[in-house]
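Q: Heads up: the protein sequence lines correspond to chains E and G, in order.
For the first sequence, position 232 (counting from the first letter as 1) is numbered 213 according to the working numbering, and the numbering increases by one without interruption.
For the working numbering, add 562 to where a residue sits in the second sequence, where the first one is 1.
Just so you know, the hints here were simulated from the structure itself, not pulled from any lab data.
A couple of the hints might just be wrong.
[Claimed, not checked] So, partial list: chain E residues that the calculated Cβ filter (under 8 Å) puts toward chain G: (1) THR54; (2) ASN55; (3) VAL155; (4) LEU245; (5) PRO345; (6) THR346.
Glycine included, C-beta positions come from ideal geometry on N, C-alpha and C.
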Amino acid sequence: MDLFEYQGKQFFAMFDIPVSPGEAVTTVDAAVAAADRIGYPVVVKAQVMVGGRGKAGGVKLASTTEEAREHATNILGLDIKGHIVEVLWIEKASDIAEEYYASFTLDRAAKKHLGMLSAQGGVEIESVAETDPDAIAKIWIDPVDGLTEEDARRWVSGARLNPDATEGAVDILVKLYRAYTEGDADLAEINPLILTPEGKVHALDAKVTLDDNAAFRHDWDEFASTQVRDEREQAAHEKGLQYVGLDGNVGIIANGAGLAMSTLDVVNQAGGAPANFLDIGGGANADVMAGALEVINNDPKVRSIFINIFGGITRGEEVANGIVQALGRVTLNSPIVIRLDGTNADQGREILAAHESETLISKPTMLEAAQAAVELANR
Amino acid sequence: MSIFVDESTKVVYQGLTGSQGKFYGLRNRDYGTQVVAGTNPKKAGTDVDGVPIYASVADAVEATGATASCIFIPAPGVQAAVMEAAEAGLELVVVITEGVPAQDEAWFYNKIKRDFPATRILGPNCPGLISPGKANIGITAGEIALPGGPVGIVSRSGTLTYQALYELKLQGIGVTTCVGIGGDPVPGTSFIDCLEAFEADPETKAVMLIGEIGGSAEEEAADFIKAEMTKPISAYIAGVTAPAGKKMGHAGAIVSGGKGTAAAKMEALRGAGVEVGQNPTEAGELMVEIVKNL
C-alpha cells in the first residue's frame, strides 16, 4: 500500500522522525484556515501518488492568506499525470541550506536491507544513479544485526554530507530504519532530507510503501481507507479476489497468479488486449467463479471472457460443474471461452460440451482459447 | 534419484490440526510421503487420522526421527514456526503459508543462514516439492506428475508448475523432482540452489525453469547456468505484458523502476543457452525436443 506524503509524514512522526508541521485538507476554505493557523509562509502541496508534481504546478509557496487561497483553488482538482488532486497538505515553509536523499528498501538479490544516502537530494534518485552513481552511498544491512548508530555514522561520513548535518542525519537514519523495519514498510524514502541554515535536519517529503501482508500487526485502517482503486479493483477487492485492472477488452479469469499472468501473455500473442488480471486461487468453485464473473461482467470494456483453469486437486469435472453453476447465477453481457486442463480434464470438457453454444465455447489449449476469445472480442 | 526429498524423508507437519494442514498433510500421506507427526502445543498426545501430534517440533523429532517439516501455520506465526523447526535440527523446512510479512522473511532467512546453516527453507508462499513416486510435500496434486525423470523442474509459480508437470506427463516424460520456490520477495531456496542440485543429480538430465516478473532471480540463474550448468534447460517467464508498478498476485511479481521485466529475463536466459518458450505450452514442447535428443 502506497501512502500519500501526508500519511507518510504521520507514519514518520510515529517514529519521532522530524517533519514540518502541517495539516491535510480537502477544501479551499480548510486550506486557508490551516495556513492561517500554521503561520506564513506555507507550502501548498498536492497529494498525489506520482512523481513530478512540482513541475506540474502542484507545489506552491504562499506568503499571505490571499496567496494560500489562490494556490489551493488552482491545485485542488488539478490533473497531474492522470491523478486528480483531492487532498492538499499545507505545511510550514522551511529554509533550505542543502537537500539530501535517504531511503531503505529490500535488496532482493542480496536478501539484505539496502540503505541509500546521497548529498544530491531533491532530484530523482534514478537520474543520480545514472549520471553520478558514486554520489549514492549504499549500505547493506543484515536484518538480524540491524543498523547501529556507529554504522549510520560511518555511512553518513561516506556520503560526504555537510559536517553540520552529521548528527541530525545519523539520528534520522537510525529512526528511519526503525520505521522501515518495525513499521513494516517495503520502502521508506525521504527526498529531500534537508539541512536548514540553523543546522537542523528534517524530512521535507515522505514516500512510504507499506507491506500489506503485515497489516495484521498494525493499525492501518486510516491509511487503507484513502487507497485509490479503480471501481473494478474495489469490487474485486471486496470479494477477496486478486484483481488488477487493465485497458483491453478480453476479460480474464484464471486460477493461480502465474497462470493468470501467462493468460495475459497468450491473449497478447493472439493479437488481443486483456481487460484485467484476475486470480481466483486454487479451488475454482461455483461461488468464487460467480463472484469473478460478476466483476468481469460489470466492466463495460469487456467484449469476451476467457476462463483459464488448470485443475489440480480440484478435478476437471468439479471445475466444470462450478463454472456451469456460476453461469446460471450471472447474466453475462459477453461470450465466454473456457480452457480447462489438468486432472480429469476430459470429464470436465464433456460437461462443458453439453452446455456449449455460440456464447460458451470450450477449447483444449491456452493458445486456441486465447485466439477464440480475441476473435469474439473484436467481432 | 531426486533432490532434497525422497521416499525415506520423514516429515512433521506444523499446523496439521488446522483445516489446510490436515487436508494436504493426509493427501501427502496417501501419496506415500512419510508423514510421521504433527505439532500443536494444545493438542499434544492426540492424533490426526492416526498421525501423532506433539507439543513441539523438537518432541516430534525425538519421537519419530523426522528430518523435514511442512508449515501450514497462519502468516503471523510463521517466523516462530520456522525458527522452531530450525532449532530442532531439521534439514528442510517447507513453508506453504502465503502472506508472510517481507520483514519476517528477510529476518528469518538471514538468521537461519547464520545460526542454522544446515537447514534449508523452501518458500514461503510456495506449493512445496514433489519427487514423483517417492514423496510429495505440500499442495501439488500428485496425480499430475509422472515418476522417474529425466526432467527436473524449478518454478516460482504454482499453477504453471502443475501445468508443466502435466504436459510432460501427457508426453510420457517423467520428473525427478519438481520444486516450487514460491513467489515471495525472499525465497528460502533460490533457482540457483535447485539448479546446482539438479546438475549434481545423476538421474536429472534436463531442467525446466519457470520464472515470472519481478526481482532479478532469473538473471542470477542465467549467470549460474552460463558458468556452471552442463545439462540442457528450457524456460518460460510469465508476465511479458504485465504493467509496471502493479503486483501481479504474488508479492514478488512486480516490475518496478524498469527492473524485473520478462523481456530482460528471457534475454538473459537465452544468452546463457536456455531454450525459452513464449508460453508454457511452448516451453513444454521445447523440453520434449530436448528429452528426445538426450
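Q: Look at each hint and say if it fits the structure.
A: Now for the hints, and whether the structure bears them out:
Hint status for THR54 (chain E): violated, given a least beta-carbon distance of 31 Å to chain G, over 8 Å. With a least beta-carbon distance of about 28 Å to chain G, the hint placing ASN55 (chain E) at the interface is violated under the 8 Å criterion. Contact between VAL155 (chain E) and chain G, as hinted, is not supported at the beta carbon level, the nearest pair being about 17 Å apart and thus beyond 8 Å. Checking LEU245 (chain E) against chain G: minimum C-beta separation of about 5 Å stays under 8 Å; hint holds.
Because the beta carbon of PRO345 (chain E) sits about 11 Å from the nearest beta carbon in chain G, more than 8 Å, this interface hint is broken. Look at THR346 (chain E): its Cβ gets to within about 6 Å of chain G, closer than 8 Å, so that hint holds up.
Figure legend: structure checked against the earlier numbered hints; hints not met, in rising order: 1, 2, 3, 5.
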